[in-house]
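Generate the whole structure from the sequences, applying the supplied hints.
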Amino acid sequence: MIDGASSPPADLPGLEPAWSRLVSVADTSGRAHIWHLLDSWSGRLPSDSRQPTVTVLCVHGNPTWSYLWRGLLATAPRDWRVVAPDQLGMGYSEHPDGARTLDERVRDLDALTATLGITGPVVTVAHDWGGPISLGWAAEHRDQLCGVVLTNTAVHQPANTRGPAVIRLAHLPGVRQTVCARTSMFVRGTTALSRPALPGEVRAAFAAPYAHPRRRQAVADFVADIPFGARHPSHLRLQQIAKATCELEVPALLLWGPRDLVFGQPYLDDLQQRMPQAQVHRYEQASHLVPEDAPHYAADVTQWIADLDAFGGEAPAPRANTNGTATGARTLWQQLEARAEDASAAVVEVGGQTATWANLARQVRDVAAGLVAAGVRPGDRVALLVPPSVDLTTAVYAVWRAGGVVVIADKGLGLRGMGRALRGARVAHVIGTAQGLAAARVMRLPGTRIVAGDGVLAGIGGVGRTAAWPIVSKYRHDKYRHEPGTVTMSGLARRGRSSLTPPPPVGDDECAVVFTSGATGPAKGVVYRHRQVAAQLDLIAATYTLRPDDRIVAAFAPFALYGPGLGIASAVPDIDVTAPASLTAAALADAVEAVDATVVFASPAALRSVHASAGELSASQRQSLQRVRLLMSAGGPVPAPLLRSLQEVLPAAEAHTPYGMTEALPVTDISLVEIEAAGTGNGVCVGWPLPSVEVAVSSVSEADDGDLTTAPDVTGEICVRAAHVKDRYDSLWATERASGRNRGWHRTGDVGHLDADGRLWVEGRLQHVLRTAAGVLTPVGLEQRVEATAPVRAAAAVGVGPAGAQQVVVVVVPAEGLRRRSSPLATPALADTVRRAAGVPLAAVLVVSELPVDLRHASKVDRGTIARWAGRVLAGRPS
Amino acid sequence: MRVLVTGATGMLGRGVASALLRRGDEVTVLQRRPSGLACGEVLGDVADSAVVAHAAARQDAVVHLAAKVDVVGRWADYARVNIEGTRAVLEACRAGGVGRLVHVSSPAVAHAGNPLVGVGAEPADPQRARGHYARSKAVAELEVLAADSQRLAVLCIRPHLVWGPGDTQLVARIVSRARAGRLPLIGSGAALIDTTYVSNAVDALVAALDADLHGEALVVSNGEPRPVAEILSRLCAAAGAPLPRGRLPVASARLAGAGVEAAWALLDRRDAPPLTRFLVEQLSTAHWFDQRRTRQALAWTPQVGLEQGFAELASWYTADSDPGPSGSRDA
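Protein chains in written order, with my numbering: chain X, 1 to 879; chain H, 1 to 331.
Among the hints, a few may not be true.
[What the hints assert, rightly or not] If you want the footprint, here are the derived chain X segments under chain H, 3+ residues with CB under 8 Å:
1) 416 to 426
2) 824 to 831
3) 843 to 849
4) 862 to 874
[To be verified] In silico negatives: residues of chain X with every beta carbon more than 12 Å from chain H:
5) 9
6) 26
7) 53
8) 171
9) 193
10) 244
11) 302
12) 341
13) 522
14) 640
15) 741
16) 755
17) 774
18) 789
19) 816
Since the hints were made in silico from the structure, they are not lab data. None of these values were measured; they are calculated from a predicted model. Note that the Cβ used here is the ideal one computed from N, Cα and C, for glycine as well.
See below:
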């Protein structure tokens with residue numbers, strides 16, 4: 001019975017034996033074959049005549065089987081029918097003689113659904129080479145089809161790709177038989193690529209039906225059926241399917257594992273072009289087997305299908321931010337136009353070039369025209385790999401003026417994280433310094449290249465800043481500069497001078513993709529439209545009463561770029577942008593002096609460094625700093641003592657800390673005076689919501705009811721509604737769906753409460769909330785109480801154990817450092833002190849030499865990492 | 001209510017019998033040696049069905065605590081007391097028309113050696129339970145739960161690491177080792193261990209007698225896990241014994257434990273070995289429990305927290321050691 005159908009073993013992890021059934025289906029030639037399939041309605045009695053609300057038809061690829069879809073069967077509501085067949089010759093279905101072509105497989109699937117009596121609405125879900133088969137079925141069942149879900153698949157070889165290299169190799173006849181059939185290399189290899197590795201028993205389950213070479217013949221035949229050439233028997237059929245896909249016009253969801261070695265980004269791009277209506281979610285850590293690497297896919301698919309409007313084929317309404325749509329009078333570059341005749345400095349690089357308002361206005365206009373002439377189309381995404389400088393500022397405003405979308409990734413993400421972020425953002429052009437472009441090559445970024453840092457203001461003074469891209473040698477730098485045909489920013493400006501000024505983008509056009517810090521998982525791309533950034537500029541100007549005669553030193557993205565937008569001069573300090581702490585007091589003073597700055601904006605880590613190096617200031621540097629009227633700090637909790645300590649360096653500055661995040665900045669603001677007036681409480685007081693910004697919380701103790709409240713002292717997820725909130729997350733459908741659950745509001749992922757005076761207190765991150773048997777507990781207030789004790793320098797409160805039964809653990813950095821390296825346990829005396837201060841029962845007090853923090857701002861404590869470490873230590877496992 | 005308590009010479013059994021007496025129940029106790037309690041008493045072997053049947057006759061309820069608790073010895077001895085004894089109790093309950101049986105079990109019945117981190121009462125598993133004690137108790141618990149019926153409502157209570165004044169098992173052993181300078185910490189000493197102060201366990205068993213549910217196993221603990229090093233130190237401090245000294249890596253401890261076990265088996269020694277693999281596991285991996293179900297089901301919460309428990313233990317040791325020289329209890 002080696003070729004016959006059977007049920008899978010009863011003990012495969014996650015697979016419910018009751019789902020399995022065997023069905024006899026006649027194929028188009030009239031021959032009956034026995035299929036094995038998983039059917040969530042297997043247990044229904046024949047007398048049960050109820051129809052499913054929707055049928056979810058899941059098609060696996062090669063060399064997997066229906067086991068791939070077990071999570072979806074387990075997750076989908078009971079009134080849905082989830083059907084996941086093993087294709088003929090695959091899994092536990094019958095192995096007919098001879099290879100089956102793509103066309104036969106589509107017809108096989110059609111015969112199966114007819115036999116199963118699937119007549120109602122259907123959503124197809126497919127992976128790998130199951131994709132074309134499911135789309136072939138979809139095209140022929142348009143009356144039933146109400147949605148298409150695809151994950152890491154292809155219907156077409158995009159230009160410039162010669163087919164997935166790995167598959168091409170396996171496609172060679174000699175290799176194929178050895179790799180796919182004679183040995184289990186392909187079968188075992190498919191499940192070996194996940195990081196972290198899949199559990200051994202899951203890998204064994206995937207391989208279970210393919211133990212014998214005879215059972216693996218269909219695997220080899222399936223590979224052989226991939227049409228790489230025009231003469232291949234399945235070539236025409238695949239082309240038909242690819243064309244039909246463009247005409248489907250049903251809602252589509254593309255779930256993607258970017259670490260796939262087989263189906264890379266070009267395949268996702270191709271599918272997006274065919275289905276512009278598709279929503280996309282990239283699971284940043286997932287490779288080819290998305291359902292295994294991102295088990296959350298099951299919940300996401302379920303949510304997406306549930307959102308389909310009564311299965312009527314209507315795409316879920318966009319949930320993006322439409323607040324404040326009516327504005328539009330303001331452009332991002334209007335201050336540049338207003339000051340086009342102004343010969344005073346607009347942007348000054350300390351130790352580099354200086355641009356006057358007149359220079360900048362002209363260059364932005366010229367480069368914008370040059371960009372359009374060079375092929376940058378409205379909506380094109382342009383990655384900027386240029387350190388803060390005149391060139392960067394010019395490039396940003398020029399891309400905006402040209403109608404492009406700037407994509408700015410922080411080097412704090414690391415080269416690998418940056419590469420993932422930028423590739424995922426589908427950039428069409430890259431503007432970079434020579435070093436930046438070399439990095440772009442290392443990161444395998446697509447798109448045309450434009451060299452910056454060649455002195456765009458050549459003739460006005462200085463050369464461009466070239467610091468901080470350590471990848472490339474001087475040789476390369478020169479090579480770029482002198483290579484014929486190289487497009488440079490100065491070349492674009494020259495070209496632009498004789499070109500027409502492009503039509504300006506409107507408020508609803510997209511203008512930027514920026515990335516979250518990645519402190520809490522992979523960096524997320526955040527999309528802004530012109531009107532949203534314009535609203536942000538207006539809000540900042542109004543909040544801090546910025547006037548045209550103010551000048552700013554900003555060592556904090558994105559404010560370093562906002563001088564021209566705000567209409568105030570700005571200076572770029574001479575520091576390593578990747579290391580906030582490299583801002584010394586002297587470097588700050590030099591930058592302040594360069595523009596006679598009245599406003600300083602820096603992260604708390606930078607300010608710590610300023611404070612620590614204040615002793616090195618010269619008398620004249622001190623004098624410059626005395627003229628600063630406003631100090632702003634954000635990018636993590638800003639302790640009041642730090643702000644207070646800076647009064648010595650910046651005696652005239654009123655200290656403020658705005659609260660906000662990459663998705664909405666600023667949300668609230670508080671001054672040092674107000675911090676001191678607020679006193680201590682449960683969390684960090686971040687002040688009152690700014691005018692026109694609405695803040696509410698969604699209680700954490702209720703199970704997901706999602707209602708928002710502004711009632712005082714209710715702890716919940718902080719939600720924000722304002723015109724300057726992000727438009728949406730980029731290619732992260734599920735994340736956007738969750739964050740925009742309350743229409744028009746952004747869920748920040750922070751938890752906190754409003755007090756009776758309307759001030760907001762931040763109590764931590766939602767995923768850091770401790771869920772004990774006694775109820776929900778937030779970490780920040782507890783940490784502050786512990787940090788107020790003398791023997792503790794820093795503290796993190798985390799939960800160990802399962803949610804709902806968690807025990808509270810406090811991890812501290814002792815003020816006197818660590819003496820004994822052998823034990824993670826605090827000394828009895830220290831533990832007693834911490835326990836008394838905590839105010840809640842603590843299971844343990846652990847000590848570390850320092851708390852892990854995020855790279856970008858070096859100030860957000862990574863409680864997730866701490867919790868995992870504490871969990872291991874307290875379970876008795878080696879740390 | 002007429003209640004039979006088996007095993008009333010132990011700290012927990014005595015506590016339960018006393019608590020029931022205090023609240024006015026008519027109590028009979030059954031064990032081999034006189035308990036000294038002012039109540040009805042049957043002396044005998046719990047595995048002797050005639051004795052048990054006699055004791056259980058005309059009772060409304062039985063609390064079954066009698067068991068062989070140890071880390072050494074032959075399987076046959078464990079099987080006789082823990083399995084045969086429980087069968088005798090079940091038989092006597094059925095024959096005597098007893099309506100309720102509270103069977104005292106152990107979290108060890110469901111423990112296969114991995115860390116227990118905030119878990120509930122998993123099903124007993126004789127195949128995977130570690131050691132004779134846990135395996136025999138696992139078999140017994142399964143038989144008790146299987147006997148649950150309309151006429152005989154059974155409930156299995158698994159108190160975890162019961163300690164308190166008068167404890168001859170856990171506390172006394174730790175203290176005597178500490179005094180002998182033979183109480184090293186195994187591994188980092190950070191593994192979280194939950195324990196049960198004796199009066200809390202007593203309250204839970206009394207609550208189990210009154211509770212309106214049956215056919216279930218529930219873990220009982222203080223719900224206050226602490227690093228094992230901290231628990232040991234606090235127990236030693238309460239007893240005025242020296243604090244644990246030295247540190248043994250887990251791997252070497254496990255190896256030593258295996259060697260000791262082999263030697264004890266070979267020599268058929270009955271005294272407590274210095275180290276066993278079971279003990280190493282107990283002292284180096286987390287054991288703590290999600291108490292939500294237990295507290296809700298029994299409508300019970302611990303009345304004595306760890307801090308108060310340590311204080312009670314300390315004053316008991318102070319009072320106890322006053323007449324004689326310190327360390328006299330250890331013999």
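Evaluated hints:
| no. | hint | in the structure |
| --- | --- | --- |
| 1 | 416 to 426 | violated (count 0) |
| 2 | 824 to 831 | holds (count 4) |
| 3 | 843 to 849 | holds (count 3) |
| 4 | 862 to 874 | holds (count 3) |
| 5 | 9 | holds, 21 Å |
| 6 | 26 | holds, 47 Å |
| 7 | 53 | holds, 34 Å |
| 8 | 171 | holds, 45 Å |
| 9 | 193 | holds, 29 Å |
| 10 | 244 | holds, 52 Å |
| 11 | 302 | holds, 27 Å |
| 12 | 341 | holds, 70 Å |
| 13 | 522 | holds, 27 Å |
| 14 | 640 | holds, 34 Å |
| 15 | 741 | holds, 28 Å |
| 16 | 755 | holds, 31 Å |
| 17 | 774 | violated, 10 Å |
| 18 | 789 | holds, 19 Å |
| 19 | 816 | holds, 21 Å |
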